[in-house]
Amino acid sequence: MKRLFAIISALCLLVACRHPQMVFEDFDTFKVFASGETQVAMADGMLNPEIRLMEDPSADEPDTKIASTGVSNLATDVLGSIFCNSVVHVSGTYAGHDVDGSPITLSGKLLIPKEGPVKNLIIVSHYTIGANYECPSETFPMEGLLAAKGYAVCIADYIGFGVTASRVHPYMHTESTARSVVDMALAVKPYLKHIGREPDSNEVILVGYSQGGSTTIAVMRMIQRKFADQLPIKKVYCGGGPYDLAATFDSAISQDRTGIPCAIPMIVQGVNEGDNLGLNLADFFKPELLAHYDDWINSKHYTVKQINMLMNAKNVHDVMTESGMDKHNPSTARLYKALMINSVLDFRPQHPIYMFHSKDDETVPFVNAQRAEKYFKGWDITFDFDHYGKHGMGALRFIIKVSQQL
Amino acid sequence: MKKYILIPIILILAACTNKEKMATEPCSFEVTVKKTTGTKVWLDIVPANDAAYYAFGMVDEGLPYYDMDVHQLAEASLEAMHELYTRYSANRTNVGSFLDFYCYREAREIKETHLLSDWNYRMLLIQVNPKNLEMIGEPVIIDFHTGPVDFDPDFTIDFKCDGSRLILIPSNLEADYYWDFEETAVINEEYNSPEMFFYDLVDMNEDYEFMPNMLDRGVCEYDLALDRGIEEGVRHTIVATGYKNGEINTFYIKQDFIFEEGLVRLVSSD
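Protein chains in written order, with the numbering used here: chain A, 1 to 406; chain B, 1001 to 1270.
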């Protein structure tokens, strides 16, 4: 028996000597539950259809063959400059924080080029999804393409998706959503080191479009204020984001229309949940929507486009009550204040930002970019506002632009 | 079938040729002073050419440059912007362009805030050549005068603590006041001063038309134990002012505090 112990001890010592970097590291932070490998470009040079591109959320925009072919071709632009066609993607859990700050296990995806050096860690905040099967840990997300350019890309699922799919997603609650993203970045850094794929540079790059655009700015604010040493920021890329949530909501209410009807109930529920406002959703929504709320939105069975089709709302007043649309009503005023707090323009950016917005965007109105420009003018921001197509097409153009600048 | 091939090609071409349009010829601007209040002005700017870039310079009657030749003043303003930009971008990478920092394009509503009340101002709209970043043509002069503010120099607030509650006791129980707090380090690092932090907050609340909802009157109690965002053991700074007729109408009032183990305590401001 003693001899067996001696052999085991000797083996352990040998292993420890061969991998000295493993001894004092805590690898429990990112626990892998699934992994795979994807060729981003097919043999014919086209984008691998496994890669999930953002669909245009508008219910009245049918998916046509022409549109999807165009999107695929645009995405192929990114492939022209890839360094490694094979991307390893790993789904895992990590220790995060719930809306009230208490510990919670969350999930997300890490993507890395199969071979070659890793330049930086890119922290992606993903766009709005409705179905759980769309969440990063379940798919190869569009932003994961950037891994093929020699970067490690981490994408958190957010609370309410992945391993927490049974929970309400605190949609647009910036503090908890940003925290989920930061927690994942903090968890994957030691993991990357553990697997021998530590990035060459300690600086991180932040990327996000749509909900992810505004979350990216919230992540920047959080890192700048709390995690500047652990996650030094190199550059921030954000596009099509509802940075000014109150203005976005207000614009939808005052114009009585929105390009993404499901965002209205998702915002009200999300901010109510995140900030524990205690609002009664019956004060805001008409019975038809209330009756199907859990199935359409909280079941996570439907994509954003499908929810919009199920809601079949042409105008905001089709789903909202009069008191819910009146910002002088006490409950609505309470919501507005929370929306203002959850907007992300109330800070001074200390790192360079590239901000993209299509003037043709009907889903996240261009007013958001103008408000961001107003508050951030004079700081280190490159504004790229032009006619880049609707929200979905804008997402692709954004990724191409980011890819070109990396 | 052919059209399926053609359309993607057109889309790719559109993406590739979407170059920024830049006007290098002088352009006319329609400038309207929409509204002035005690400390604010709203301007509507409509350039004749959407590809024209423009920046602003501003002086008030208290400055020696106020009566300077406008062309020289515009040149000096632009030079000052170049100087600031050069200083910022030295030894930095990934820096935005000068145009992104200081210039606008297309129609804009511009709001200038925190001006002196009952005071003359001269704004200059300067068209900038995006190729060489020099001034094009003659600057547009925008003269305006701000209105009065009902200033109350005696207004103060006493701060007290009771367990986890912070209590604000204003000197005038009938006066409206606005207050908020932030981590002191954030204020110092991002805003340089509590006043600048407060400026931004007030601007944002005014833009949302929320200011009436944000004001307090009389004694105000705030229970920090219920605040999810408060970080324990970290120094915070409260900034407060009186607010009347849509204007800040008192001096700034500041107080630092720390919330720890369920108790709030005041600490003297540096």
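Do not take every clue at face value.
As the list claims (entries may be wrong) - Partial chain A-side listing against chain B, Cβ under 8 Å, derived:
1. D98
2. P232
3. K234
4. K235
5. A246
6. F366
7. I381
8. T382
As the list claims (entries may be wrong) - Below, computed lysine to any residue pairings styled on SDA-like, alpha-carbon distance capped at 20 Å:
9. A:K401 - B:T1093
10. B:K1021 - B:T1093
11. A:K234 - B:N1094
Honestly, the hints are just simulated from the structure, not real lab data. Keep in mind the model is a prediction, meaning the values are calculated, not measured. By construction, the Cβ of each residue, glycine as well, lies at the ideal position given by its N, Cα and C atoms.
Cross-check of the supplied hints:
no.	hint	verdict
1	D98	violated, 11 Å
2	P232	violated, 13 Å
3	K234	holds, 7 Å
4	K235	holds, 5 Å
5	A246	holds, 5 Å
6	F366	violated, 11 Å
7	I381	holds, 5 Å
8	T382	holds, 4 Å
9	A:K401 - B:T1093	holds, 18 Å
10	B:K1021 - B:T1093	violated, 25 Å
11	A:K234 - B:N1094	holds, 8 Å
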